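Protein chains in written order, with our numbering: chain C, 2 to 312; chain W, 2 to 312.
These aren't lab readings, by the way, just hints derived from the structure by calculation.
Among the hints, a few may not be true.
It does not matter which identical chain is used: a pair holds within one copy or between any two.
[Claimed, not checked] Straight line, CA to CA, 25 Å or less: simulated SDA-like cross-link-like pairs of lysine to any residue:
| # | residue 1 | residue 2 |
| --- | --- | --- |
| 1 | Lys270 | Tyr53 |
| 2 | Lys64 | Val176 |
| 3 | Lys64 | Asn211 |
| 4 | Lys214 | Pro136 |
| 5 | Lys4 | Pro302 |
| 6 | Lys270 | Ala58 |
| 7 | Lys64 | Leu290 |
| 8 | Lys126 | Gln29 |
| 9 | Lys4 | Lys214 |
| 10 | Lys309 | Asp86 |
| 11 | Lys297 | Glu105 |
| 12 | Lys246 | Thr287 |
| 13 | Lys155 | Leu110 |
| 14 | Lys230 | Thr106 |
| 15 | Lys137 | Thr289 |
Bear in mind that the values here come from a model prediction, so they are computed numbers and not experimental data.
The residues making up each chain are set out below.
Protein chains: 2
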Amino acid sequence: MGKVFVTGHKNPDTDSIASAISYAYLKQQIGMNAEAVRIGVVNNETAYALEYFGFEAPRLIEKAAPEVAEIILVDHNEKQQSVDDFDDVRVIEVVDHHRIANFETNDPLYYRAEPVGCTATILNKLYKEHNVEIPKNIAGLMLSALISDSLLFKSPTFTEQDRVAADEMATLAGVDALEYGLDMLKAGADLSNKTLEDLVKLDAKEFAINEAKVEIAQVNAIDVNDVMKRQPELENLLYRVIAEKGLDLFLFVVTDILNNDSIVLALGKEADRASAAFDVTLVNNTATLKGVVSRKKQIVPVLTEALKDVE
Amino acid sequence: MGKVFVTGHKNPDTDSIASAISYAYLKQQIGMNAEAVRIGVVNNETAYALEYFGFEAPRLIEKAAPEVAEIILVDHNEKQQSVDDFDDVRVIEVVDHHRIANFETNDPLYYRAEPVGCTATILNKLYKEHNVEIPKNIAGLMLSALISDSLLFKSPTFTEQDRVAADEMATLAGVDALEYGLDMLKAGADLSNKTLEDLVKLDAKEFAINEAKVEIAQVNAIDVNDVMKRQPELENLLYRVIAEKGLDLFLFVVTDILNNDSIVLALGKEADRASAAFDVTLVNNTATLKGVVSRKKQIVPVLTEALKDVE
């Protein structure tokens, strides 16, 4: 059996990087020639976690072939979020916690999705099912993913199963989850070394919602005004992306990690339909979404319903 | 939480019926109001297994709504193989061992697919993960599914994991797997009470293979000539189905359960491309496929490759 790449999604977040490393390690222990890779820049938050627990970032790739013929997806399944040559390789496994869309295979595969807050929670089960011990530093990465995806355990996506996994990982890693977690989130919310171009790409995901092409970028901040004060420049950038990609909607979401609200900047021809769905009125293209921190659970389902008649 | 239907695919085989019953039972034990249902006629083989282990057939439904809002799929995921009102209900779980295609959700869900020979093998793991004991009669049904999907353990789809599950189920059920299995397969291959219309629908599945619309029906027989001697009538029926459904290809596969070969009757505009893919020449629209017993592993992947340029 040849080498297999284990990859998270484009514009990787901490769960995508941590899960690629953690699952590749597990697969290696049970005999697979697996290598964790990434398809995008490591963000500040993830860089903090990697350094804290003594890891190098996985190798950056754009395409999987011809180096490998088979890949494993973690933390995503939608084709447009994956490697550029998705159609030229075979997906042999998926471990994920998102909806399933734009994903199809010719052959049976191993697909493990659970409606939990973080891929790491599922990986914790897989380690147990294979009777492989989670090393201290891998547990640290998995804890980092849990903290990141739940905004320090406060997101509505965070389930009881995630809590159990977080407790186990914190114990294995030997860190205080709340203290370490706040430091990690602050490192991620430090946008001082980021250009606006960086912010737009940092954690952006494209979705095909019915017939609408939507991109949603999310940025965590300690002070949302650090970002919003640059709104005019930001809009210029986003309009350019909308035009280049032919998007129907771009949502730029700035999440206040201390108060757990988000400011959304909505542009594109479906912006009004989107804001109506959230029951807010856009003023100068922006609105506050009270208590909204989760793209997956609080934004995508609302848009899916709102855009169901788009042709 | 309202009632949830657990259903296998249309034209249900033994795995679809047995897995619906077995998984509904497991979900009931862990607190879900789950009911096994079926979306098609129970075949002779399944009827034999149900009676042997003391079960009634699950209730026949066509649509899930408005009785339930949520469903669980076992042994399939492709929309066209499922309930007629698939788009009006929410799929909250899938337990399956097929490729993933024509399946999309708005929300995260529990999706457990493994590349094994039978859904029952995965259910055996799920019982263990939930620490629920498999009752003797449920074990008998799960064994029946394993025997059915593997043609008494001889199909290339039958993995080591399936073998382990079959051994465990035979022990729990207290039957001799080979003896019981041959009796069950023979009951299924007894086509004496079946009309040709029955045979065409008995175990037929529709596939969207690239742009081609394909239907593949499979019938097990002790003597393939029992079926093939009626080829002219059969062709009349199949041409009618092709016209009504706008199919590009209909493969009618008669599998010799004692010798493990199949005779294929191929009709429709892609028949030649299909036969070329199997490296056989159609004579009077038929050919022998030596050693072919598995639609999933030995037919669908070959067709997928052969029809990849169909527009």
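Here is what the structure says about each hint:
{"no.": "1", "hint": "Lys270 / Tyr53", "in the structure": "neither (43 Å within a copy, 62 Å between copies)"}
{"no.": "2", "hint": "Lys64 / Val176", "in the structure": "neither (36 Å within a copy, 52 Å between copies)"}
{"no.": "3", "hint": "Lys64 / Asn211", "in the structure": "between (27 Å within a copy, 23 Å between copies)"}
{"no.": "4", "hint": "Lys214 / Pro136", "in the structure": "neither (41 Å within a copy, 49 Å between copies)"}
{"no.": "5", "hint": "Lys4 / Pro302", "in the structure": "between (37 Å within a copy, 23 Å between copies)"}
{"no.": "6", "hint": "Lys270 / Ala58", "in the structure": "neither (38 Å within a copy, 52 Å between copies)"}
{"no.": "7", "hint": "Lys64 / Leu290", "in the structure": "neither (37 Å within a copy, 38 Å between copies)"}
{"no.": "8", "hint": "Lys126 / Gln29", "in the structure": "both (17 Å within a copy, 23 Å between copies)"}
{"no.": "9", "hint": "Lys4 / Lys214", "in the structure": "neither (34 Å within a copy, 35 Å between copies)"}
{"no.": "10", "hint": "Lys309 / Asp86", "in the structure": "between (29 Å within a copy, 17 Å between copies)"}
{"no.": "11", "hint": "Lys297 / Glu105", "in the structure": "both (21 Å within a copy, 15 Å between copies)"}
{"no.": "12", "hint": "Lys246 / Thr287", "in the structure": "within (22 Å within a copy, 49 Å between copies)"}
{"no.": "13", "hint": "Lys155 / Leu110", "in the structure": "between (34 Å within a copy, 21 Å between copies)"}
{"no.": "14", "hint": "Lys230 / Thr106", "in the structure": "neither (45 Å within a copy, 37 Å between copies)"}
{"no.": "15", "hint": "Lys137 / Thr289", "in the structure": "neither (40 Å within a copy, 57 Å between copies)"}
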